[in-house]
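Just so you know, we're using this note's numbering here: the sequence shown kicks off at 57 and counts up by one.
These aren't lab readings, by the way, just hints derived from the structure by calculation.
Among the hints, erroneous ones may be present.
Label-pair ranges, simulated between beta-carbon atoms [stated by the list, open to error]:
hint, residue 1, residue 2, range
1, 158, 186, 21 to 31 Å
2, 277, 154, 43 to 53 Å
3, 209, 278, 11 to 21 Å
4, 158, 283, 40 to 50 Å
5, 299, 354, 28 to 38 Å
6, 250, 364, 21 to 31 Å
Positions of the beta carbon are idealized from the N, C-alpha and C atoms, including for glycine.
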Amino acid sequence: MKQRTTAWILLGVLLLASCAKKAQPEAARLGGALAGAAEANDVSENAASSAGKAALTLRALIVDGAETGNLILAGERGVYDVYTLDASGVPVMLDGAPAEASALRDGMRVELTLGAESGVLTPTGVAAVTPAALDGAVESVAAYSLGTRECPGGTTYDLCGLYLQVLNDLWEKDAGLNGGAKYASVDLSAAPGGLSEAEQFAVAWAFARAHGVEALTLTYDELIEQGYLSDAAPKGAEWEAYQWADGVLLRITADEWAEGETYSLPVVKFSAEKWRSPLGAYFLAHCTAVWSELGTWESYSVGAEAIA
Numbered sequence: 057m058k059q060r061t062t063a064w065i066l067l068g069v070l071l072l073a074s075c076a077k078k079a080q081p082e083a084a085r086l087g088g089a090l091a092g093a094a095e096a097n098d099v100s101e102n103a104a105s106s107a108g109k110a111a112l113t114l115r116a117l118i119v120d121g122a123e124t125g126n127l128i129l130a131g132e133r134g135v136y137d138v139y140t141l142d143a144s145g146v147p148v149m150l151d152g153a154p155a156e157a158s159a160l161r162d163g164m165r166v167e168l169t170l171g172a173e174s175g176v177l178t179p180t181g182v183a184a185v186t187p188a189a190l191d192g193a194v195e196s197v198a199a200y201s202l203g204t205r206e207c208p209g210g211t212t213y214d215l216c217g218l219y220l221q222v223l224n225d226l227w228e229k230d231a232g233l234n235g236g237a238k239y240a241s242v243d244l245s246a247a248p249g250g251l252s253e254a255e256q257f258a259v260a261w262a263f264a265r266a267h268g269v270e271a272l273t274l275t276y277d278e279l280i281e282q283g284y285l286s287d288a289a290p291k292g293a294e295w296e297a298y299q300w301a302d303g304v305l306l307r308i309t310a311d312e313w314a315e316g317e318t319y320s321l322p323v324v325k326f327s328a329e330k331w332r333s334p335l336g337a338y339f340l341a342h343c344t345a346v347w348s349e350l351g352t353w354e355s356y357s358v359g360a361e362a363i364a
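Go ahead and model the full structure; you've got the sequences and the hints to work with.
Following this line, the structure appears as structure tokens:
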């Protein structure tokens with residue numbers, strides 16, 4: 057009898073150990089950014105700080121806010137690897153030389169050195185819906201200007217800035233469509249340039265914050281699946297139609313010829329749409345943005361506009 061009891065105890069211990077191993081990946085997935093966890097968030101150990109403790113280096117892209125110093129940053133892994141930072145008072149190095157925070161530009165790649173005990177990059181147990189604030193946690197910022205090895209540029213340089221400009225312009229078109237909106241879902245999944253998930257969320261959050269709504273990054277089909285849209289067609293109708301009572305869907309998609317050249321300068325071609333219902337939508341069709349000789353996206357042209 058004693059041997060049988062011992063066997064059951066051993067079996068229980070083995071099952072608990074197995075469950076614990078399975079729970080670890082799930083906790084890491086839900087936790088978001090983890091302090092010192094390089095695999096989950098591309099956060100690596102840096103040289104020891106003056107206090108003798110290991111610091112952390114976070115590599116990120118300045119998506120927006122460089123003009124005011126209130127930065128919105130997108131990390132390199134994961135949709136919620138997005139942060140905010142008030143850069144005033146933070147030591148800045150630009151291309152290896154001391155600089156002011158005013159030297160930072162949207163589109164720059166940066167490396168943030170955080171104190172080992174900042175407590176910012178810690179698991180929360182749930183996926184974040186707003187960026188984590190890095191204020192008070194960043195010891196220094198190393199930035200790299202356009203054309204350097206760390207920030208070579210190309211047509212993806214400050215593409216987030218271009219899309220924010222398009223989204224803001226689209227928001228102003230037929231402004232009545234925005235009335236009573238609580239949510240704005242920004243779908244950049246099919247936009248030219250292949251923005252990372254973190255960059256897409258950062259753009260959506262920056263846009264939504266500017267217009268006083270809650271940010272989502274869901275596609276039209278995902279909005280249906282998650283219950284945001286309601287039926288717009290009458291009962292028994294042969295065709296299916298939806299509407300969004302308290303939100304607006306904005307999306308940018310690549311035209312058939314997503315990239316080309318104009319006078320040997322790279323070109324991105326896209327269309328943009330603001331949608332609320334089958335009879336409530338606005339379109340910017342066949343838009344063209346030309347990469348300037350200064351190496352930034354300055355503006356774009358619209359081929360046609362339409363309203364539904």
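Structure-inconsistent hints, enumerated in ascending order: As far as the earlier hints go, only 3 is violated by this structure.
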